[in-house]
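There are 4 protein chains.
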Amino acid sequence: MAYFEFQGKNVYYETHGEGKPLILLNGIMMSTKSWGIFKEAFSANNRLILLDFLDQGQSDKVVEEYTQDLQVEVLHALIKELNYERVNLLGISYGGEVALRFITKYESLVDRLVLFNTSHRTSPWLKDIGDAWNLSRDNALDYYLTTIPVIYSPEFYNRNREWMENRKKLLTATVFSDKNFMDSMVRLTRSAETHDVTEDLKDVRTRTLIVSSENDFITPKEEQEALHKLLVNSDYVMLPKTGHGSMYERPALFTALTLGYINASDLEMTVL
Amino acid sequence: MAYFEFQGKNVYYETHGEGKPLILLNGIMMSTKSWGIFKEAFSANNRLILLDFLDQGQSDKVVEEYTQDLQVEVLHALIKELNYERVNLLGISYGGEVALRFITKYESLVDRLVLFNTSHRTSPWLKDIGDAWNLSRDNALDYYLTTIPVIYSPEFYNRNREWMENRKKLLTATVFSDKNFMDSMVRLTRSAETHDVTEDLKDVRTRTLIVSSENDFITPKEEQEALHKLLVNSDYVMLPKTGHGSMYERPALFTALTLGYINASDLEMTVL
Amino acid sequence: MAYFEFQGKNVYYETHGEGKPLILLNGIMMSTKSWGIFKEAFSANNRLILLDFLDQGQSDKVVEEYTQDLQVEVLHALIKELNYERVNLLGISYGGEVALRFITKYESLVDRLVLFNTSHRTSPWLKDIGDAWNLSRDNALDYYLTTIPVIYSPEFYNRNREWMENRKKLLTATVFSDKNFMDSMVRLTRSAETHDVTEDLKDVRTRTLIVSSENDFITPKEEQEALHKLLVNSDYVMLPKTGHGSMYERPALFTALTLGYINASDLEMTVL
Amino acid sequence: MAYFEFQGKNVYYETHGEGKPLILLNGIMMSTKSWGIFKEAFSANNRLILLDFLDQGQSDKVVEEYTQDLQVEVLHALIKELNYERVNLLGISYGGEVALRFITKYESLVDRLVLFNTSHRTSPWLKDIGDAWNLSRDNALDYYLTTIPVIYSPEFYNRNREWMENRKKLLTATVFSDKNFMDSMVRLTRSAETHDVTEDLKDVRTRTLIVSSENDFITPKEEQEALHKLLVNSDYVMLPKTGHGSMYERPALFTALTLGYINASDLEMTVL
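From first to last, the protein sequence lines stand for chains A, B, C and D.
Here the first sequence is numbered in the working numbering, starting from 1 and rising by one per residue.
Here the second sequence is numbered in the working numbering, starting from 1001 and rising by one per residue.
Here the third sequence is numbered in the working numbering, starting from 2001 and rising by one per residue.
Here the fourth sequence is numbered in the working numbering, starting from 3001 and rising by one per residue.
Careful: at least some of the hints might be erroneous.
When the alpha-carbon atoms are kept at most 16 Å apart in a straight line, the in silico EDC-like pairs for lysine to aspartate or glutamate are as follows [as the list claims (entries may be wrong)]: (1) D:3105 / D:3196; (2) C:2168 / A:214; (3) B:1168 / D:3165; (4) C:2168 / A:131; (5) B:1241 / A:128; (6) A:169 / C:2214; (7) C:2241 / D:3165; (8) B:1168 / D:3214; (9) D:3127 / B:1222; (10) D:3127 / B:1214; (11) B:1127 / D:3128; (12) B:1241 / D:3222; (13) D:3241 / B:1155; (14) C:2241 / A:222; (15) C:2179 / C:2060; (16) D:3039 / C:2268; (17) B:1127 / D:3155; (18) D:3169 / B:1128; (19) D:3241 / C:2155; (20) C:2229 / D:3155; (21) C:2241 / D:3214; (22) A:241 / B:1225; (23) D:3241 / C:2214; (24) B:1241 / A:65; (25) B:1241 / D:3165; (26) A:241 / B:1222.
A few chain A residues that don't get close to chain B, going by computed Cβ distances all over 12 Å [to be verified]: (27) 31; (28) 58; (29) 162.
Okay, the calculated beta carbon distance ranges per label pair [unchecked claim]: (30) D:3085 / C:2265: 22 to 28 Å; (31) A:268 / B:1205: 43 to 49 Å; (32) B:1179 / A:270: 28 to 34 Å; (33) C:2225 / B:1272: 23 to 29 Å; (34) B:1108 / A:270: 57 to 63 Å; (35) D:3173 / C:2225: 49 to 55 Å; (36) D:3173 / C:2232: 53 to 59 Å; (37) B:1205 / A:81: 40 to 46 Å; (38) B:1086 / A:270: 56 to 62 Å; (39) D:3085 / C:2066: 52 to 58 Å; (40) A:272 / B:1138: 28 to 34 Å.
In case anyone wonders, no lab produced these hints; they're calculated from the structure.
Here a beta-carbon is modelled for each residue, glycine too, at the ideal position from N, C-alpha and C.
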């Protein structure tokens, strides 16, 4: 519903509702449109802010190569644009990585952080997975089959046959056949290749909720366990029988965990 | 801060704050006083209601034997006393069992339900554990050592040595040496012996959050997995490296999960 | 070291050592040569029999499409060729699926069965994964990146960088660039598409060891849990922090579990 | 079937079969008689050696207090008595602790080591559990209820009602009512209180199999994960849905894992 300019590019964002500000940071294939089902609940008591990173949704394309630090600055510019002193951030996967990088540079701007299915680094294993995605870019069905099944838990994918088959038809016929979209996907994927904030996280003190999924085959739960050890003030919870796309497989838990964590007046209680 | 009469007994309860009503149902050894650290956060946006079951805290003792259905009626009387049409319930362990029994009888009075470390039945294994507790009742240290270590994850118990040692001294010197308290504990334990709502849960449709702990040695995570299968509209999440006393070991997660689940304006979103 | 004829095709097999016969059934990309490191230990006290399925290793290619039932008959012909009344079978992944199909048809020929990383059916999810493999067949690097990283646990893949990079070079330069090999891989993958013995397993009584890997992203541990429930006389064990290629990641456990299970004089002991 | 003298005490042991020597080290409540169902399988291809530690079974009582190092010397004396240069050791729980202590002192005498449900140290948590056991010593039923249910997985305990009830009757009527036996149990429990070989294990290079149980509520799986990290040449496997008494709940897996690991001609194979 609005744009701001960043380094000569137009960046798209939306705001909904009133209350503590909460910015949602998209996964790599997502856009502001992906949050439709959550909009009502997330804006009921909060100022909900949706953002298309560069190369996503209604924001401009980038053309040249870049790293996720570009998106960090996009996020920073958005916060300045909206004139917030502090915001809450939720990131999932790619968006969680940007959030982690953001916090190592602009920690004072963040109140609380919620991370679903997020890694603190792109391991050689994950980089090779990303390369497999990129090498399938010229064939819409190949791209679908290489990227989508692994995003879901087998249980969810098998149970919701009709919905998945419809998505297969839709995605292969539209976005995965769109050269511009696929160029963006390749650039976004590459922008995450060098991600590694292992060392930087040791100084972070932001209160952070880390959520893993038992059947996450992209950023396996071991990644979130490692992240939990790196982040001093973090809390960790696990979604059983759930895949990488936790927001779609467990929308109620996604909602309750995020809003509960962001809106609690106090999280520092302890019996000790 | 207030009492109401139930079958000639005084029942103690407290109310704090304003908003959607949320009644907290104590674990077996707990009382309204156990919630001290949570009071601020839980009453910030909700009408928080604390309750001492009969034989707990400042409510009257019972003397004769009873089942948890007596506590179900206590809870029902409280809701009537407060004149609520619908409430939200949070139960942990014993309190979760009472909540489950309540919902099978008075489902229309409940909006949403949150269950931590709760079983749908007292298995022969759990009954024998309870008998071990009761047989240790005449020796305060024996009672402490039989009941307390297994309530915590070994990791928590070992890490917080000083706090646990202080609790050992305090509990053995006071409540576990108090014959009246111990009589109550034995009755409360026995009141749960026949608990089994396996069949009744099949008709329940209340939106329910089920939380298990990976290192729960009283109501192991397999119990919550079974409960999740029995309850049609339930969501399930697991707290890694946490024991039965999840509220004390993970107070931030306990708070965020409960308030997020109870207060979300909508939990029915779905991509399907 | 030897061939026998099956339906006009040459089938390659090897035998090593003396003792209870144990036939190893290859995963889809494997051949008799894949077992090199295990040969000594597996033939020390057993008659070890290695087999290249049709379209694998030194056995003939098939050309036309087929199902895994063709391999079932190859295995049956091998047992007849060797004149065994009963054999022990070990299968991993594709080989485990053939073993499961074999047992539903020729149960009387099998003494004990050991299954690593095996599913009782090719789910829609797994079929789509297989289709992604086949669609990458014309590009050796794409095929490598689509099939190999997911076979290993991220931890193993990341730790053994040099070995994995050498495999990448070797596989992309040789077999994955070999049209004949790739044609075989596509046919083998398709032959498993219709695999589903869910119903047939209910009558099986063969003593079976089922082994899952915690980080198996091809046949996730939930598949082996389901298989364990289907197979009355099965035992189930899980390899923590291990991927689909358990034989390579945990060769000592692979060896001990298989030989211990096959060679125990008695497995029917019970305290009950 | 035989005794040897150790520091003026008689120590009972048995030998069965021929082959590589394998000494089984009892859990705390066990004796040579506990291995009845395993004797045939374990002696089929091995020299099986059973041992009653001091204060167990048919070995002499000790009277004064001691640590597990006394049992280490008993084991050492047995190996000398039998004139073995190297033996294989299997320990479960208390027996595993003695085995771990033995290896830090007499590593050259051990070929391979197998540890079920074993901790490298008695944590404050476990010490308090032990104290609860000892404080229940004067009441046979209390002792049963405090020690036995937690040894089994709830699933096993609940499913085998008749067997468990018979054991309850038998144990409370006999051994748990026998002052001499109970005196021994208290001493044995105390002998493990100071167990901690965390530092010493760093130098151990013995090939070791570590087996945990998912529902072990005495030595939880986290203990074996820690042990696996401490022992350089260790392999780790987990028994799903199994309790502390893994030998009774999963006798086939117990047998296959032990014999397979001890008897494999080679466990050093690696693809790297």
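**Request:** With 57 to 63 Å as the target window, see if residue 1108 of chain B and residue 270 of chain A comply at their CB atoms.
**Result:** 38 Å, violated
**Prompt:** For the pair supplied as a hint, residue 2229 of chain C and residue 3155 of chain D, is the alpha-carbon distance within the 16 Å limit?
**Reply:** Distance of about 15 Å is within 16 Å: holds.
**Item:** Beta-carbon spacing of residue 1205 of chain B to residue 81 of chain A - inside the hinted bounds 40 to 46 Å or not
**Value:** 45 Å, holds
**Status of the given 28 to 34 Å range, CB of residue 1138 of chain B versus CB of residue 272 of chain A** = Given a distance of about 31 Å, which is inside 28 to 34 Å, the answer is holds.
**Asked** Is residue 1127 of chain B within 16 Å of residue 3128 of chain D, Cα to Cα?
**Response** Measuring from Cα to Cα gives roughly 22 Å; hence the hint is violated.
**Prompt:** Are residue 1127 of chain B and residue 3155 of chain D close enough, with their CA atoms no more than 16 Å apart?
**Reply:** 14 Å, holds
**Prompt:** Given the hint that residue 1241 of chain B pairs with residue 128 of chain A, does the C-alpha gap stay at or below 16 Å?
**Reply:** Violated: residue 1241 of chain B and residue 128 of chain A sit about 31 Å apart, past 16 Å.
**Request:** Sort out whether residue 1222 of chain B lies within 16 Å of residue 241 of chain A, counting only the CA atoms.
**Result:** 14 Å, holds
**Prompt:** Are the Cα atoms of residue 3127 of chain D and residue 1214 of chain B separated by 16 Å or less?
**Reply:** 21 Å, violated
**Prompt:** Regarding the pair residue 3241 of chain D and residue 1155 of chain B, is the alpha-carbon distance no greater than 16 Å?
**Reply:** 21 Å, violated
**Request:** With a cut-off of 16 Å on the C-alpha distance, tell me whether residue 3241 of chain D and residue 2214 of chain C pass.
**Result:** 15 Å, holds
**12 Å Cβ clearance of residue 58 of chain A from chain B** = Answer for residue 58 of chain A: holds, closest chain B Cβ roughly 21 Å.
The earlier numbered hints that this structure contradicts are 2, 3, 5, 6, 7, 8, 9, 10, 11, 13, 19, 24, 25, 29, 31, 34, 35, 36, 38.
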